[in-house]
Amino acid sequence: MRLASEMVYSLEQMGRAVLHVLIRFAYALLAASTFSSAVAQEPSPAPTDGTEAEQVSEIKVGYLRAYAPQLALSVLDVPPRDEGVAGAEVAIGDNNTTGRFLGQKFTFQVSEVKPDAEVGPAFNDLVSKGAFYILADLSAAQLLSIADLAREKGVLIFNVGATDDRLREEGCRANVFHTAPTRTMLADGLAQYLIWKQWRRWVLVHGSHERDKLYAEALRRAATRFGGEIVAEKEFTDTGTARRTDSGVVQIQRQIPVFTQGFPDHDVLLVADESEVFGTYVPYRTWVPRPVAGTAGLIPSAWHPASEQWGGTQIQNRFAKAIGRRMLSKDMAAWTAARIIGEAATRTQSADPEKLEAFIRGDDFSVAAFKGQKLTFRKWNWQLRQPIFLGDGRSVVSTSPQEGFLHQITDLDTLGIDQPETRCVMR
Amino acid sequence: MLRRLTVLIAGFATAACIGSPASAYLVYVSNERDNTVSVVDSTSMEVVRTIDVGQRPRGITISHDGKFLYLCASDDDTIQIIETATYQIVGTLPSGPDPELFVLSPDGKTLYVANEDDNLVTVIDLESRSVRAEVPVGVEPEGMGVSPDGKTLVNTSETTNMAHFIDTATHEITHNVLVDSRPRFAEFKPDNSEVWVSSEIGGTVSVIDNRSREIKHKITFEIPGLREESIQPVGVRITADGARAYVALGPANRVAVIDAKTYQVEKYVLVGQRVWQLAFTPDQKMVISTNGVSNDITFIDVATNEAIQSVTVGALPWGVVVHPN
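Same order as they appear, the protein sequences are chains A and B.
Position one of the first sequence corresponds to residue 1 (this note's numbering), numbered consecutively onward.
Position one of the second sequence corresponds to residue 1 (this note's numbering), numbered consecutively onward.
Bound-form chain A, shown alone (with noise of 0.2 Å):
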């Protein structure tokens, strides 16, 4: 049995990792069976590849999301029920379409807490069922809370929903994987884009809540980093008045044009609303006729639904065949994140968590994600390196890093906190 023979090799090894293969093997004599395989495979034999694939080992992969339903201000906007958890299925699928050359097999379970709930118990759940990979899309905080607790069960934790630059800063953790861009790698994507057209004076109309200030903070940043100008700001403020309402229409039109009078000249006005107040209502109804960009407008993203360049076109058509609807910047970040666990463990051939997690933290680990060059982890806090989409509702517009934008290392790093900047102290 491949579990037994990887306990004795693994118990001659010295320290901790003695612990993490025992609490792991543990949890895997204690795990249920109700975890899924997930879709889109035709069933199709194993081929007979000498002795290879005769013996199947198991490799089981949790997701994890607080989730509750949204309002947006376009009724196209509002999340579909399984954002995010649509990607990792197809990812599992892919991995399992592969797996069958190899003698593995990925097993998915999805356990849902509300925002802002405690997550312990739901985390504790998933790996006492024998998941050691866990995808998170959870606040910062939830995310956090359970960090130090992964770490002690020698669980790996994938982000792929929280895109706030703490959890790779002074919140980084060494268990703890991001394949969602921060908000300063977005940020920095549309700036390059913006002083690549040479708009670079820009007003910024922010929403009330932390995370839209965060958002503008990112923006800010960028504009002193690429050489933007911000020259006025101004806050919405949430009056927590009905997203959407029958006459509403008439109203915002009116409100926004005198909302945005009165700024200086400037070439781009920029929206900070993450928390979908006012952004969607800004472009087309400014005072001046000026472009839109942040949260609204040309949006910058770690995926777009119409993006066919980079052989995007074979994963998109994978996904709405099997899930029913376009794919989704979360959706890309959770298929991402279930690819990287699916080529570590076809890498080493192997369902050891000890042997996966060696190769991702590996130097020659790279994963292919249709966005034109290979992803690799910064190492200083293990996000993933990735191009942002910049694009409007329909179709995209660009991708940065932007042609001249250069970076000692690699281009990708000109988006994002830096190596030198960064404050991420491992733990």
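Worth flagging that the hints you see were computed from the coordinates, not collected in a lab.
Treat the hints with care, since some could be wrong.
[Unchecked claim] Simulated pairs of lysine-lysine, DSBU-like, Cα-Cα distance not exceeding 30 Å: (1) A:Lys153 - A:Lys114; (2) B:Lys189 - B:Lys261; (3) A:Lys355 - A:Lys197; (4) A:Lys114 - A:Lys213; (5) B:Lys189 - B:Lys216; (6) A:Lys379 - B:Lys218; (7) B:Lys218 - B:Lys109; (8) A:Lys355 - B:Lys218; (9) A:Lys355 - B:Lys216.
[Said to hold, decoys possible] If you only want the chain A side, here are some residues facing chain B, beta carbon under 8 Å, derived: (10) Asp94; (11) Thr97; (12) Thr98; (13) Lys234; (14) Gly311; (15) Thr346; (16) Thr348; (17) Phe365; (18) Ser366; (19) Ala368.
[Stated by the list, open to error] The following label-pair restraints were derived from C-beta to C-beta distances: (20) A:Glu403 - B:Tyr87: 31 to 41 Å; (21) A:Asp364 - B:Asp259: 18 to 28 Å; (22) B:Asp75 - A:Glu217: 51 to 61 Å.
Predicted model only: the values in this text are computed from it and were never measured.
Virtual Cβ for every residue (Gly too), placed ideally from N, Cα, C.
Here the structure of chain A is known, so what remains is to put chain B in place on it, guided by the hints.
Structure of chain B alone, referenced to chain A:
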């Protein structure tokens, strides 16, 4: 005196060589974006005809007698048959969904097609125009190579990152060889000894021993002034004498010329932007590259490995094949 004469004769011979026109061939280029095939005369190096075809044409090949072109019309989920005498579409083949690349068996009777959306290789009998078999492979099958002896088919799967060896008699996978990220193309050496697999994102070409089915060498590329990430190998062609290989390097905008015995890169030939696929002329005097982003193809002289001329074709040229006579 004798020496001078020799020099003179040698000079004469060279002049004669250059002076004699290479045979004229017709070059067919599939243009992914504008749904056409450009027909280019290899001597005048001009587009002589543009054929309207199905949507998103990519993989293109030609029957051994030169009478029919086969073309993957990816977005139409079909393979079109184009009669070269009339440039008319005379039929279709029952490919699976989203056909991208295929390869013709050495006897010209069977077409092996990679179906990206369904993780299948489809085996099509050309005479009856029917599907003979479907072989489940890894995620996003793409590259297709068949051994010159016709016994072995190699398919590469872009997300699984494997070269799948398929026995053409049984249609069963016999070996799976793990290669670097996004394997795009498989090309056998003429003596069946090796198959070369390019990895676009990995940036390498794996040379797989066809007997042991193991990687015996990995070719890497280095171009001064270019980032490692921008070197993305795609199309591979090996000369009929097995001495030299040409590898299209995608956004590196170059074709690598490789000594196929020592695996050393001899030269990088600058062609056009985003080089996808390659094809030799039947006399092997030229190799032609499709340059996707610059909308042209480049003729490279095999004797000197110099780019001779680029010719503007349709939008996003993808595949290329040359008429056999």
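Hints, verified against the model:
1. A:Lys153 - A:Lys114: holds (24 Å)
2. B:Lys189 - B:Lys261: Holds, at about 11 Å.
3. A:Lys355 - A:Lys197: violated (46 Å)
4. A:Lys114 - A:Lys213: OK: Lys114 (chain A) and Lys213 (chain A) at ~23 Å, within 30 Å.
5. B:Lys189 - B:Lys216: holds (14 Å)
6. A:Lys379 - B:Lys218: holds (26 Å)
7. B:Lys218 - B:Lys109: Since the Cα atoms of Lys218 (chain B) and Lys109 (chain B) sit roughly 33 Å apart, the hinted pair is violated (cutoff 30 Å).
8. A:Lys355 - B:Lys218: holds (24 Å)
9. A:Lys355 - B:Lys216: holds (25 Å)
10. Asp94: holds (5 Å)
11. Thr97: holds (5 Å)
12. Thr98: holds (4 Å)
13. Lys234: Violated. Min distance 40 Å.
14. Gly311: The hint holds - Gly311 (chain A) has a Cβ within 8 Å of chain B, the shortest such distance being about 7 Å.
15. Thr346: At about 7 Å, which falls below the 8 Å cut-off, the nearest Cβ of chain B leaves the hint on Thr346 (chain A) intact, so it holds.
16. Thr348: violated (11 Å)
17. Phe365: violated (11 Å)
18. Ser366: Holds, because the Cβ-Cβ distance from Ser366 (chain A) to chain B comes to roughly 6 Å (cut-off 8 Å).
19. Ala368: Holds. Min distance 4 Å.
20. A:Glu403 - B:Tyr87: 31 to 41 Å: Holds: the Cβ-Cβ distance is about 40 Å, inside 31 to 41 Å.
21. A:Asp364 - B:Asp259: 18 to 28 Å: holds (27 Å)
22. B:Asp75 - A:Glu217: 51 to 61 Å: violated (44 Å)
Hint violations for this structure: numbers 3, 7, 13, 16, 17, 22, all remaining hints satisfied.
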